[in-house]
Amino acid sequence: MNGKFRILLPVISLGVLLAAVFYLQPRAMSYFGLNLLFNLAVPIALATIAQMMIIMVNDIDLSVGTFVSFVACVTATFLNDAPLIGVLILGASILAYAALGALIHLRQLPAIVVTLGMSFVWGGLAVLILPSPGGAAPGWIRTLMTVKPPLVPMAIVASVLIAALTHLLIMRSATGTLLRGVGGNTKAVARSGWEIAKLKAGAYGLAGFFGVLSGVCLVGLTTSADANIALRYTLLSIAGVILGGGEFTGGRVSPVGAVLGALTLALAGSFLSFMRLSPDWQIGAQGAILILVLAVRLIFSRKTSGQGGAA
Amino acid sequence: MNTLSQSLSTTWRRPWFWAYVASTAAFAATLLLTEGRGGGELLSAAFTFAAFSAIVGIGQMFIITLGPGNVDLSIPATMTLAGTLSLKFMGGDASLILPGLAVALGVGFGAGVFNYLLIRLLRIPPIIATLSASFIYQSIAIWSNRGLRIKPPQALSDFATGATLGVPNVALVGIAIAIVAWFILERSLYGRWISAIGQNMRAARLSGIPVQLMFASTFIGAAVLAGLTGYLLASFSGGAALNMGAEYLLISIAVVVIGGSSIAGGNSNVPGIWGGALLMFLIVSMLNSYGLGAGVRLIMTGVIIITIVAAAAGKEGSR
Numbered sequence: 138m139n140g141k142f143r144i145l146l147p148v149i150s151l152g153v154l155l156a157a158v159f160y161l162q163p164r165a166m167s168y169f170g171l172n173l174l175f176n177l178a179v180p181i182a183l184a185t186i187a188q189m190m191i192i193m194v195n196d197i198d199l200s201v202g203t204f205v206s207f208v209a210c211v212t213a214t215f216l217n218d219a220p221l222i223g224v225l226i227l228g229a230s231i232l233a234y235a236a237l238g239a240l241i242h243l244r245q246l247p248a249i250v251v252t253l254g255m256s257f258v259w260g261g262l263a264v265l266i267l268p269s270p271g272g273a274a275p276g277w278i279r280t281l282m283t284v285k286p287p288l289v290p291m292a293i294v295a296s297v298l299i300a301a302l303t304h305l306l307i308m309r310s311a312t313g314t315l316l317r318g319v320g321g322n323t324k325a326v327a328r329s330g331w332e333i334a335k336l337k338a339g340a341y342g343l344a345g346f347f348g349v350l351s352g353v354c355l356v357g358l359t360t361s362a363d364a365n366i367a368l369r370y371t372l373l374s375i376a377g378v379i380l381g382g383g384e385f386t387g388g389r390v391s392p393v394g395a396v397l398g399a400l401t402l403a404l405a406g407s408f409l410s411f412m413r414l415s416p417d418w419q420i421g422a423q424g425a426i427l428i429l430v431l432a433v434r435l436i437f438s439r440k441t442s443g444q445g446g447a448a
Numbered sequence: 004m005n006t007l008s009q010s011l012s013t014t015w016r017r018p019w020f021w022a023y024v025a026s027t028a029a030f031a032a033t034l035l036l037t038e039g040r041g042g043g044e045l046l047s048a049a050f051t052f053a054a055f056s057a058i059v060g061i062g063q064m065f066i067i068t069l070g071p072g073n074v075d076l077s078i079p080a081t082m083t084l085a086g087t088l089s090l091k092f093m094g095g096d097a098s099l100i101l102p103g104l105a106v107a108l109g110v111g112f113g114a115g116v117f118n119y120l121l122i123r124l125l126r127i128p129p130i131i132a133t134l135s136a137s138f139i140y141q142s143i144a145i146w147s148n149r150g151l152r153i154k155p156p157q158a159l160s161d162f163a164t165g166a167t168l169g170v171p172n173v174a175l176v177g178i179a180i181a182i183v184a185w186f187i188l189e190r191s192l193y194g195r196w197i198s199a200i201g202q203n204m205r206a207a208r209l210s211g212i213p214v215q216l217m218f219a220s221t222f223i224g225a226a227v228l229a230g231l232t233g234y235l236l237a238s239f240s241g242g243a244a245l246n247m248g249a250e251y252l253l254i255s256i257a258v259v260v261i262g263g264s265s266i267a268g269g270n271s272n273v274p275g276i277w278g279g280a281l282l283m284f285l286i287v288s289m290l291n292s293y294g295l296g297a298g299v300r301l302i303m304t305g306v307i308i309i310t311i312v313a314a315a316a317g318k319e320g321s322r
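In order, the protein sequences belong to chains V and U. Residues 138 to 448 in this note's numbering are what the first sequence spells out, letter by letter. Residues 4 to 322 in this note's numbering are what the second sequence spells out, letter by letter.
Please keep in mind that the hints were generated in silico from the structure rather than gathered at the bench. Fair warning: there could be bad hints in the mix.
As the list claims (entries may be wrong) - Computed far set for chain V versus chain U, every beta-carbon distance over 10 Å: (1) Leu-145; (2) Asn-176; (3) Leu-199; (4) Thr-214; (5) Gly-261; (6) Thr-312; (7) Gly-421.
What the hints assert, rightly or not - Residues from chain V that face chain U, not an exhaustive set, calculated with beta carbons under 8 Å: (8) Val-251; (9) Leu-262; (10) Leu-302; (11) Gly-342.
No residue lacks a Cβ here, since even glycine has one placed at the ideal position from N, Cα and C.
With the rest of the complex left out, here is chain U (with noise of 0.2 Å):
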């Protein structure tokens, strides 16, 4: 009873708890219009968008925890750069499938080495030297993009949109992704050094921890998400766009706080980025089945993340 109880009090203590119970009430709210009717197409709409959230949205919290002023804007020119490359690279060849995925993940690591070389070589604020960087990789999309829109290849666009057993492809990915990076965070060396780092850096430095090479793996890391966030987004959607990952700077900054990871730094968790990622398709999939304008719909959602952040805030008490 005891321990029943005191489980209990945990689990809605847990920051990312109001974000399940957040997109839970979403879904109910949108059935309720439809009568029960497409509650699986749903289902597995949300799983699917909240995948490409939940995978650049990880490669962004492991960035934030590194402390105050960490972020990377360059997720989303990242994500156009490695969509356009790796299409543009297969041409709809089925036999280039895994070595397009190469040149998506390439282009990623490619990005995060110039943004960690920027922000270590010339000293510059991580969000100002990413930003700088994305401005670059735009560029070379746009350059190489030309305005075609190269198809993927058959296989891969039936992959990106298929589903097994029921679960979105993409979902099982975004899925396994999260299961790794939980690993990572939660169990092993790597992901306490890095929280570690995040609450006091100069202890960290000075207890031996390699505070440099964890920031380049980390910018390295969250780089490589993006670059195979773009793969899968272009394969999904039939195509690499220009502003492909526009949508994806916000979104990918928002799961990781509404998932309860602390925007200071040095405290993370990964099972509220797929609470934030459902939680933020679910939102607008809502409030468009109740057909609201896009413009009450972008006020609510700012709303609701306002609400959300300051009540998780209560509850975890000023730090």
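Chain V with its partners taken away, still in its complex shape (with noise of 0.2 Å):
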């Protein structure tokens, strides 16, 4: 797939759900119904961001989803009740991602199995800080989740900064094609007198800010946060990341790919609540959304090159 066609197929694959979405429910075209059917979709976003960080280097983080409930955990708890030991806190994970980057990097670990590891760490400190179910949203995030711009609704607004400024990070700075050229040749740029486990903690230290966001946000949406809460995003961050025209090796993301990935996400979770599907299919009716999405690509790749996807 060329860069052209890569962002493609994330677009019209949330255009014809939304479409599906505005048949099925007209109502839903309005600004209520947007704000309803994308209501999730900040953290979702910024997950799938912090995933595509770690893709981008070649790796796969199988800990997002622990860590996000981790930092939702410390958001609505130390955050809330004294925020400087919350910042203090959250900014140390984000080192402790930038130091795992380094770790695997400089012993030739497999990312799968240390991040692994690190979602058994992630899990724990959680549970830790938040045994049961609860804390409070800091008023600040609370507000700012739920401020209504006019004629868009927040998630929209949010999801456009999230790629735009993603977009300028990954795709237009000299730090960015850097990190990107880690996942392309390492070699390469090894050779040319840089170090490779700086920038492999570079991906991963934003790898970590992003998470948090993500975690941050989803707390100022749901207003408190247990132990569990984004469990899921592991799944949907990696999904979001393919879905938005990304590739497991090679440094091939895209940021705008990848948000637009995750809103198609969010919205088939909706999509699927207001069709009123029997809560026993739901999970199973978006795993086919999925399939058929990613069988669609098929189609784009062939068009393109004579090669493409897996095995």
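Join the two chains, each given in its own frame, into one complex according to the hints.
Here it is, written out as structure tokens:
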């Protein structure tokens, strides 16, 4: 897939799904309806960006879900009761992410396993901080997440902002190019004098940063937290990156695509509850939508190049 | 003298060696607390639960051996679906135990075929294909389960919880499967081919290995093993539960890696799977017996996994 077509798939899949929702429920075509549909899109989009940072350097993060849950627990407790300690904890967790990236490179560890191990660590910390569901959202984030801008709902404004900023950071800045280079050709970047360990630490640190934003925003929407609040984000974020035209290797990622992929997944969830589908089948239908969209991707990759996909 | 020190020095370099050392340490640390009491029970429980992890782990190992990006995330859902449907089919009737097993294995086979077709026909990366498919399996299980807990036939439940000559029956099944897996991997052409694909797919294809057939059989084999585990686990725990497979997603990958198989594919080993499976159970029971809460237990488990992987990577050197 070349760059031009890469962005088409997420745009079309989101458009088709949105059209289906409007067809089924014309009343959704309103400020209030859109707000409801994309309610949880912002934290999912941020978590997807976090995952994208890791996939960009050819790794995969299986701890995104537990990390966002951990951040949510910190936000609903420390950040609310003792903001200074809360900020320190969140800052330390970003540093931990960066350190992990360096460790993975220096010891040549498989990221899938290290992040798997970290998912236990973040999960354990979350349980220690908040043994039972509860806590309260800090007022400022609650205000920020429920703000009602004119014309377009908050979730969409925020998504556009996230997409634009990460696009500038990853696709347009020198640092972003360098980071994508690590995924594309590590050796070439190393030979031109860059320290790969530092770059990997940077990519992981960015992932930690966006993971923190995701958790904080999530609490702003839900007003409380529990240790399992965002476990499904791990799978959603991976799916969002791939849906957005990213690939597992070669540093080929697209921040705008990832945000669109996350919006599509968030919409798929809302769409199914709109359809009054039996709860038994909701998860299954989400899987089916995912398969459908990826099947469409096949047509695009066939058009642009003979090869594509896996296996 | 020379050969002895040589064999010693190769043994401790084996990747699975450290998994067994750590398992023994965890076992000893637990017994230290109880002053030696309950050692037999602990060992028996360890082998029983490790067997479930080992069987799904072996399936996962074959898939991981195929190379980077190959992993089956649908194992938990396949286990749940196979357990649910086979117990529903048997309905507690002892005469249906073997047909029930066939149902469980059939569910696994179907799931494996579906996974493979998604990967092959739709060219979806295996991680995403098996993930999306698992949502569908989970939905079917929820739909057919309807919150009922159907008990397994008494004879089957006795078998799953019983022991022969002091060894839990489930462990015997797990060990038998491990031995077969070892022969397939180390002594058969099939095993050579799988490793060859994992090391260099292009070279493997050019040398005439039927790559697609190998992918299909590996994904189907892993799903069938997941189906078998679901059947055994549901019989062992007195009924299928919708979340019964949940923890096996992480465990199936963890035991492969702790056991010393290369996550980059092309290099795997079976003894390590059992070592990793025993270690995962013994760590948790050690932390439990020291009275640590769920939070600390999780953190320690994670730290131990990372430490082992970091230590093992140092031994092998970077590749």
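Right, here's what the structure says about each hint:
no.: 1; hint: Leu-145; verdict: 17 Å, holds
no.: 2; hint: Asn-176; verdict: 21 Å, holds
no.: 3; hint: Leu-199; verdict: 8 Å, violated
no.: 4; hint: Thr-214; verdict: 14 Å, holds
no.: 5; hint: Gly-261; verdict: 3 Å, violated
no.: 6; hint: Thr-312; verdict: 26 Å, holds
no.: 7; hint: Gly-421; verdict: 3 Å, violated
no.: 8; hint: Val-251; verdict: 6 Å, holds
no.: 9; hint: Leu-262; verdict: 6 Å, holds
no.: 10; hint: Leu-302; verdict: 26 Å, violated
no.: 11; hint: Gly-342; verdict: 18 Å, violated
In summary, the numbered hints that this structure violates are 3, 5, 7, 10 and 11.
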